[in-house]
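K.L.:
Each chain is listed here by its residues.
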Amino acid sequence: DAGVIQSPRHEVTEMGQEVTLRCKPISGHDYLFWYRQTMMRGLELLIYFNNNVPIDDSGMPEDRFSAKMPNASFSTLKIQPSEPRDSAVYFCASSFRQAIPSGNTIYFGEGSWLTVV
Amino acid sequence: KQEVTQIPAALSVPEGENLVLNCSFTDSAIYNLQWFRQDPGKGLTSLLLIQSSQREQTSGRLNASLDKSSGRSTLYIAASQPGDSATYLCAVRPSVNYGGSQGNLIFGKGTKLSVKP
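Chains A and B are the protein sequences, given in the same order.
The first sequence: position 57 = 57 (my numbering), numbered continuously.
The second sequence: position 75 = 75 (my numbering), numbered continuously.
Pulled out of the complex, with its shape left as it was, chain A reads as follows (with noise of 0.2 Å):
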């Protein structure tokens, strides 16, 4: 398999602008979860799905974020209106039957770097 694919990797746009990440999970696995990682405050869990259905999103920062996920091979993170603070680097990650408390391994996209000017 190909991994945990996210587009773009980067992307520099102008405040006010909507954004939008894009991810693949690896086939058959059946949770799904965007974080965001940033210098200050690391790595952050923004939302999570489980068979394509959001399961806990409060970790999203603010109404301007919002992530669907149509189908068990993609999921989309948009932000409308983007501001400079929402530069980080947004990752992807997938896994399989993420409930069983026994942690099987998560695996991560390479990540989309945001810089909003």
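Bear in mind the hints are in silico, worked out from the structure with no lab data behind them.
Hints are not guaranteed to be accurate.
[As the list claims (entries may be wrong)] With a Cα cut of at most 27 Å, we get these calculated DSSO-like pairs of lysine-lysine:
| id | chain 1 | residue 1 | chain 2 | residue 2 |
| --- | --- | --- | --- | --- |
| 1 | A | Lys78 | A | Lys68 |
| 2 | B | Lys116 | B | Lys42 |
| 3 | B | Lys68 | B | Lys112 |
| 4 | B | Lys68 | B | Lys116 |
| 5 | B | Lys42 | B | Lys112 |
| 6 | A | Lys78 | B | Lys42 |
| 7 | A | Lys24 | B | Lys42 |
| 8 | B | Lys109 | A | Lys24 |
| 9 | A | Lys78 | B | Lys109 |
| 10 | A | Lys24 | A | Lys68 |
| 11 | A | Lys68 | B | Lys42 |
| 12 | B | Lys1 | B | Lys68 |
| 13 | B | Lys1 | B | Lys116 |
| 14 | B | Lys112 | B | Lys1 |
| 15 | B | Lys68 | B | Lys109 |
As the structure is a prediction and not an experimental result, all values here were calculated from the model.
Starting from the structure of chain A, add chain B where the hints point.
P.N.:
Same frame as chain A, but now just chain B:
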């Protein structure tokens, strides 16, 4: 609330040296603890996972220990090599509900390791 701390934030060692990376967490109610590696511009790769009932796990030159009662874990790297240069993150999987993200990983900010030839 669970908090994960990694000290130091950065570490530089000469090649061949054995080294220890530290991770501490505030709440011992965890299912497991994982160590990840992150290369510049890349996502995270899982290195070792220690269940709460275990004391250590080994993989090649890596050995991770867990002392749940004291809230500490260490990652020991033997005979370090320049290829080990990366950021190492630890993450715990809480076994209690922190406002909706039950069971999801909580990350430290990482230790950036540089191994000099």
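K.L.:
The structure should be examined with respect to each hint, and the outcome stated for every one.
P.N.:
Hints, verified against the model:
For the proposed pair A:Lys78 and A:Lys68, the alpha carbon gap of about 8 Å is at most 27 Å, so the pair holds. Among the hinted pairs, B:Lys116 with B:Lys42 is consistent with the structure: their alpha-carbon atoms are about 21 Å apart, no more than 27 Å. Only pairs whose Cα atoms come within 27 Å are accepted, and B:Lys68 paired with B:Lys112 is accepted, the gap being roughly 24 Å. A hinted pair counts as satisfied when its Cα atoms are at most 27 Å apart, and B:Lys68 with B:Lys116 does not qualify at roughly 33 Å.
For the hint linking B:Lys42 to B:Lys112, the alpha-carbon distance of about 14 Å falls within 27 Å, and the restraint holds. A distance of roughly 21 Å separates the Cα atoms of A:Lys78 and B:Lys42; the hinted pair therefore holds under the 27 Å criterion. Distance hint between A:Lys24 and B:Lys42 is fulfilled; the C-alpha atoms sit about 16 Å from each other, no more than 27 Å. For a cut-off of 27 Å, the pair hint linking B:Lys109 to A:Lys24 stands: about 26 Å separates their Cα positions.
This hinted pair checks out: A:Lys78 and B:Lys109 have alpha carbons roughly 25 Å apart, not beyond 27 Å. Among the hinted pairs, A:Lys24 with A:Lys68 is consistent with the structure: their alpha-carbon atoms are about 12 Å apart, no more than 27 Å. Between A:Lys68 and B:Lys42 the CA atoms are separated by roughly 24 Å; this keeps the pair inside 27 Å, and the hint holds. About 16 Å separates the Cα atoms of B:Lys1 and B:Lys68, which keeps this hinted pair within 27 Å; it holds.
Simply put, B:Lys1 and B:Lys116 have alpha-carbon atoms about 38 Å apart, too far for the 27 Å limit, and the pair is violated. At roughly 25 Å between alpha-carbon atoms, B:Lys112 and B:Lys1 fall within 27 Å of each other, so this suggested pair holds. A distance of roughly 19 Å separates the Cα atoms of B:Lys68 and B:Lys109; the hinted pair therefore holds under the 27 Å criterion.
Violation of the numbered hints given earlier is confined to hints 4, 13; the remaining hints are satisfied by the structure.
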